[in-house]
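Protein sequence lines, in the order shown, are assigned to chains A and B.
Position 62 of the first sequence, counted from 1, bears residue number 62 in the numbering used here, the numbering being contiguous throughout.
Position 275 of the second sequence, counted from 1, bears residue number 379 in the numbering used here, the numbering being contiguous throughout.
Keep in mind the hints are simulated off the structure, nothing from the lab.
The structure presented is a predicted model; accordingly, all values stated were derived computationally and were not measured.
Please note that a few of the clues may not be correct.
[What the hints assert, rightly or not] Label pairs and their calculated CB-CB ranges:
(1) Asp647/B - Thr3/A: 33 to 43 Å
(2) Thr2/A - Thr897/B: 31 to 41 Å
(3) His200/B - Lys95/A: 57 to 67 Å
(4) Gly59/A - Glu692/B: 43 to 53 Å
(5) Ser99/A - Glu241/B: 42 to 52 Å
(6) Lys864/B - Gly59/A: 37 to 47 Å
[Said to hold, decoys possible] In silico contact screen, one side only, chain A against chain B (beta carbon under 7 Å); selected entries:
(7) Leu6
(8) Val7
(9) Lys16
(10) Arg20
(11) Cys58
(12) Gly59
(13) His63
(14) Pro65
(15) His67
[What the hints assert, rightly or not] Covered stretches of chain A (in silico footprint by chain B; criterion: 3 or more residues with CB under 8 Å from a CB of chain B, positions within the stretch not fixed):
(16) 22-36
(17) 49-57
All residues carry an ideal CB built from backbone N, CA and C; glycine is no exception.
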Amino acid sequence: MTTKLLVANLSDITIKGSRRIKVNDLEIAVFRLSDDSVLAVENSCPHKGGTLAEGIVCGTAVHCPLHDWKIDLRTGRVQEPDEGCVTTFATEVDKASGSIYITI
Amino acid sequence: MSTTKKLVLIGNGMAGVRAIEHLLKLSPDSYEITIFGAEPHPNYNRIMLSSVLAGGADMQEIVINDWNWYKENNITLHAGHKVTKIDTERKKVISHLGVEADYDAIIIATGSNPFMLPLPGADKEGVIAFRDIHDCEVMIDASKQYKKAVVIGGGLLGLEAARGLLHLGMEVNVVHIFNNLMERQLDEPAAKMLQRELEAQGMQFLLQKSTVSIKGKKRATGLVFADGTEVDGDLVVMAVGIKPNIELAKATGIEVNRGIVVDDFMQTSIPGIYAVGECAEHRGIAYGLVAPLYEQGAVLAKHLADVETEGYAGSVTSTKLKVSGVDVFSAGRFDEAPGTRSLKIQDDVAGTYKKIVIQDGKLVGAVLFGDTTDGSELFASIKKGESVAGREKEILLGISSDLLGQGGGSSRLESMADDEIICGCNGVSKGTIADAILNKGCNTVSAIKSCTKASGSCGGCKPQVEGLLHLYAGDAVGEVKEGICGCTTLGRDEIVAEIQRMRLMSTAEVMNVLDWKNPEGCSKCRPALNYYLGMLYPEEYVDENESRITNERFHANIQKDGTFSVVPRIYGGVTSPAELKKIVEVAEKFQVPLVKFTGGQRLDLLGVKKEDLPKMWEELDMPSGHAYGKTLRTVKTCVGNTFCRFGTQDSMSMGIRMEKAFERLNTPAKVKLAVSGCPRNCAEATIKDFGVVAIDGGWELHVAGNGGVKVRATDLLCIVKTEDEVMEWSSAFLQLYREQAQWNERTAQWVERVGLDHVKKALEKQEDRLALMERIQKTLSLTTDPWKQIVETDELRKNFEQLNGVQPVQI
Numbered sequence: 001m002t003t004k005l006l007v008a009n010l011s012d013i014t015i016k017g018s019r020r021i022k023v024n025d026l027e028i029a030v031f032r033l034s035d036d037s038v039l040a041v042e043n044s045c046p047h048k049g050g051t052l053a054e055g056i057v058c059g060t061a062v063h064c065p066l067h068d069w070k071i072d073l074r075t076g077r078v079q080e081p082d083e084g085c086v087t088t089f090a091t092e093v094d095k096a097s098g099s100i101y102i103t104i
Numbered sequence: 105m106s107t108t109k110k111l112v113l114i115g116n117g118m119a120g121v122r123a124i125e126h127l128l129k130l131s132p133d134s135y136e137i138t139i140f141g142a143e144p145h146p147n148y149n150r151i152m153l154s155s156v157l158a159g160g161a162d163m164q165e166i167v168i169n170d171w172n173w174y175k176e177n178n179i180t181l182h183a184g185h186k187v188t189k190i191d192t193e194r195k196k197v198i199s200h201l202g203v204e205a206d207y208d209a210i211i212i213a214t215g216s217n218p219f220m221l222p223l224p225g226a227d228k229e230g231v232i233a234f235r236d237i238h239d240c241e242v243m244i245d246a247s248k249q250y251k252k253a254v255v256i257g258g259g260l261l262g263l264e265a266a267r268g269l270l271h272l273g274m275e276v277n278v279v280h281i282f283n284n285l286m287e288r289q290l291d292e293p294a295a296k297m298l299q300r301e302l303e304a305q306g307m308q309f310l311l312q313k314s315t316v317s318i319k320g321k322k323r324a325t326g327l328v329f330a331d332g333t334e335v336d337g338d339l340v341v342m343a344v345g346i347k348p349n350i351e352l353a354k355a356t357g358i359e360v361n362r363g364i365v366v367d368d369f370m371q372t373s374i375p376g377i378y379a380v381g382e383c384a385e386h387r388g389i390a391y392g393l394v395a396p397l398y399e400q401g402a403v404l405a406k407h408l409a410d411v412e413t414e415g416y417a418g419s420v421t422s423t424k425l426k427v428s429g430v431d432v433f434s435a436g437r438f439d440e441a442p443g444t445r446s447l448k449i450q451d452d453v454a455g456t457y458k459k460i461v462i463q464d465g466k467l468v469g470a471v472l473f474g475d476t477t478d479g480s481e482l483f484a485s486i487k488k489g490e491s492v493a494g495r496e497k498e499i500l501l502g503i504s505s506d507l508l509g510q511g512g513g514s515s516r517l518e519s520m521a522d523d524e525i526i527c528g529c530n531g532v533s534k535g536t537i538a539d540a541i542l543n544k545g546c547n548t549v550s551a552i553k554s555c556t557k558a559s560g561s562c563g564g565c566k567p568q569v570e571g572l573l574h575l576y577a578g579d580a581v582g583e584v585k586e587g588i589c590g591c592t593t594l595g596r597d598e599i600v601a602e603i604q605r606m607r608l609m610s611t612a613e614v615m616n617v618l619d620w621k622n623p624e625g626c627s628k629c630r631p632a633l634n635y636y637l638g639m640l641y642p643e644e645y646v647d648e649n650e651s652r653i654t655n656e657r658f659h660a661n662i663q664k665d666g667t668f669s670v671v672p673r674i675y676g677g678v679t680s681p682a683e684l685k686k687i688v689e690v691a692e693k694f695q696v697p698l699v700k701f702t703g704g705q706r707l708d709l710l711g712v713k714k715e716d717l718p719k720m721w722e723e724l725d726m727p728s729g730h731a732y733g734k735t736l737r738t739v740k741t742c743v744g745n746t747f748c749r750f751g752t753q754d755s756m757s758m759g760i761r762m763e764k765a766f767e768r769l770n771t772p773a774k775v776k777l778a779v780s781g782c783p784r785n786c787a788e789a790t791i792k793d794f795g796v797v798a799i800d801g802g803w804e805l806h807v808a809g810n811g812g813v814k815v816r817a818t819d820l821l822c823i824v825k826t827e828d829e830v831m832e833w834s835s836a837f838l839q840l841y842r843e844q845a846q847w848n849e850r851t852a853q854w855v856e857r858v859g860l861d862h863v864k865k866a867l868e869k870q871e872d873r874l875a876l877m878e879r880i881q882k883t884l885s886l887t888t889d890p891w892k893q894i895v896e897t898d899e900l901r902k903n904f905e906q907l908n909g910v911q912p913v914q915i
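Chain A with its partners taken away, still in its complex shape (with noise of 0.2 Å):
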């Protein structure tokens, strides 16, 4: 069962910022690169849990805040030579109202 849901708008987050959803259990990082895409990840580092809605987003990956752990926000993968992989969920972006949709 997967669950379409409005979580927020584009003007809600800063260019190549960040801002956290949380649904249920589940936090959820929300991330507007700098095309105005948005994605979504898991709002934790396979490494050691650190909060990726806190790094630096360059292109479409980001920084973990804590050790520096490279992830890319297409895929959820680490990037090598670390290892892992964060869920990340669909997005969609409503050009006219900026709405964001994120579907788990």
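Model the placement of chain B on the given structure of chain A, informed by the hints.
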């Protein structure tokens, strides 16, 4: 190969999997491989367990091959399955959960079991071995509930376990039956030096004690010794040795002695069944160290792949103790047996000891303590069995021309055999590294690391890897220009010059114009560029919050659990009852879990949730202490002549004046200041970036000290008479540092790099100092308190809140 044969590996440990890795390289398609492992984990680096306990690595970091590796190589893995039977008639292997696998060949790599002393009470709760991940977990859990631990066994394993337990905050007693620690590797002088060093680290020893029973009811509470004495302990770790795990082989009818008996090709008494690693006994020896296991694995892999091999001829082993702050090395025969002669140097001042043992003109053994840099060289000579006649003293003193040469003896690296192991943690041979450099285009240590794993674990072999890099890559190494990060080949000075030349005004512009590999940079270059641009154009450049490191973006220090800490500024460490009351009230109101005095004379409120930060700042109504950024942190002061009978100047007001002048200043790395009121230097000014020490009638100005990673005492810059001069010189020094240092480079590293003379010269003329001072004042005049700014600006404040109002929509 026409048909695929079925190979079953019993034991998912280092030795067996290593053999499989080798086999896959030599002959990837000739076998269909199935692995059974009793532990519910993928293959991990058992020798790194002590690092896990010591806090240097976590469980994930010690995994050698993760689950994907098995998949990618089409290996069927049954983790958590203990093999209970080998049916040689039906050619099947059967696990305790009933899983069966057919085989044409079997590798038994069941390793060894810890030897548990059969003491009364050994079955009590809290009595464990130190062997696998589970033992580590038990130790970590125990350290949270109990205080005292006892380790039985003063050998390699016992000491590493004890060091780990100390690190976990436990009181540790090590019980050893002999008078000397590590008696199988060390002679008495080295053992005593080791003991002294470990005692200094907090370990306690009970030597020549024979344990007769473990006391306690349900849980162990301590040990009773043969002499009637006792010791308390809620956790008892037995680390007295290991015994090869031969049960399965024995039940199958394979010839066993202490271990599973194998020939030079690791073949057991039953054709098609092989054994490697700690469970195997070759020419009467069952090895328990990693290098021989890898050598055995390599021979077996070649044999299975039908590649010609001379077979395994046994190993000479060396030992290194992996305990931080203690360097011990031992190889070959260290005892002074008849027929041997030994040479020794003992230096109790430096805490070093070196002994070499000679027999028939050849080096047969060595023990090193304190300084083990010669270890690999000595070990190579022992293995080679070369004649050292006439060179004994030279070897003892370590003054051969090789040793004086660059790069840790490059000619020794050159003469080393290709199959000699360089990286003991990952079993990487010289040949593998050479191949990576020569044939796979690796031209940096990090490239070699990601290609071969050499130097990827403890890092102890990095100098040798570097040496090999220079040996094989030669000039190619010099050509590899390291930029400020992987995104560019340009260095700091080139980038700053280009920014100035083209008047670039944003990080995006810089990255675009200078052809960055990653269009949006990385976590290293973006904050650096943001700093350089702000330093060059304090008025025009718009600071990019999104290019700042996390702590600077949230104006708080992120902690490991994702909470933050709040440190308000307390100028010069001087506060008042009213200010303290306010801090206390805020801490209580927001239920701050931990309040701590910092090393910089202020208060740290730790464990604050991100969304509470702006609210707390608002209620505190104090300036940010900037305890999180690359900026001025604190100005530590002593009481000075206001109260102290030795004080010669008013250090407190001098310090407060400096802190008020320089607060909020962006710098390449953090900057710490201190002012002491007399040469007794209670504010420890001589390990600060800029330290001021009052003398009668003036001030000494010290620079480039560091009390952190690498302690460095300051250099004396000059002596001045007035407070205004202190301000002039400190302003000029800090601005020079701002303008010239690399981002993330502390003053200590910067001054070491450019030289004190360079700094002195740049600050020599008063007109230059005044110009620098004017520039720093300009920059400072443009700063505002970040906490106040966030509290007052909704657009900034929102980033601290979680998004609410998440609502489901109909699809």
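Status of each hint after checking the structure:
For aspartate 647/B and threonine 3/A, the Cβ-Cβ distance of about 40 Å falls inside the hinted range of 33 to 43 Å, so the restraint holds. Against the hinted window of 31 to 41 Å, the Cβ-Cβ separation of threonine 2/A and threonine 897/B comes to about 38 Å, which satisfies the hint. Between histidine 200/B and lysine 95/A the Cβ separation comes to about 59 Å, which falls inside the hinted range of 57 to 67 Å. Distance hint check: the CB atoms of glycine 59/A and glutamate 692/B are about 44 Å apart, consistent with the given range 43 to 53 Å.
One distance hint, 42 to 52 Å for the beta-carbon pair serine 99/A and glutamate 241/B, holds here, with the actual separation near 46 Å. Judged by the Cβ atoms, the range 37 to 47 Å given for lysine 864/B and glycine 59/A holds: they are separated by roughly 44 Å. Hint status for leucine 6/A: holds, given a least beta-carbon distance of 5 Å to chain B, under 7 Å. Interface hint status for valine 7/A: upheld, as the beta-carbon distance to the closest one in chain B is roughly 5 Å, under 7 Å.
This hint holds: lysine 16/A has a C-beta 4 Å from the nearest C-beta of chain B, less than the 7 Å allowed. Given hint, arginine 20/A at the interface with chain B, holds; its Cβ is 5 Å from that chain's nearest Cβ, closer than 7 Å. Taken as an interface hint, cysteine 58/A checks out: its beta carbon lies about 4 Å from the nearest beta carbon of chain B, inside 7 Å. For glycine 59/A, the suggested interface contact is upheld, since its CB lies about 4 Å from the closest CB of chain B, less than 7 Å.
A hinted interface residue such as histidine 63/A counts as satisfied when its beta carbon comes closer than 7 Å to some beta carbon of chain B; here the least separation is about 4 Å, so the hint holds. The interface hint given for proline 65/A holds, since its Cβ lies 4 Å from the closest Cβ of chain B, which is under the 7 Å cut-off. Interface restraint check: histidine 67/A against chain B, minimum CB-CB distance 10 Å, threshold 7 Å, status violated. A stretch counts as covered by a chain when three or more of its residues have a beta carbon under 8 Å from one of that chain; for the segment 22-36 of chain A and chain B the count is 4, and the coverage holds.
Coverage of the segment 49-57 of chain A by chain B holds. Counting CB-CB distances below 8 Å, 7 residues qualify, and the rule asks for three or more.
This entry does not satisfy hint 15, going by the numbered hints stated previously; all others are met.
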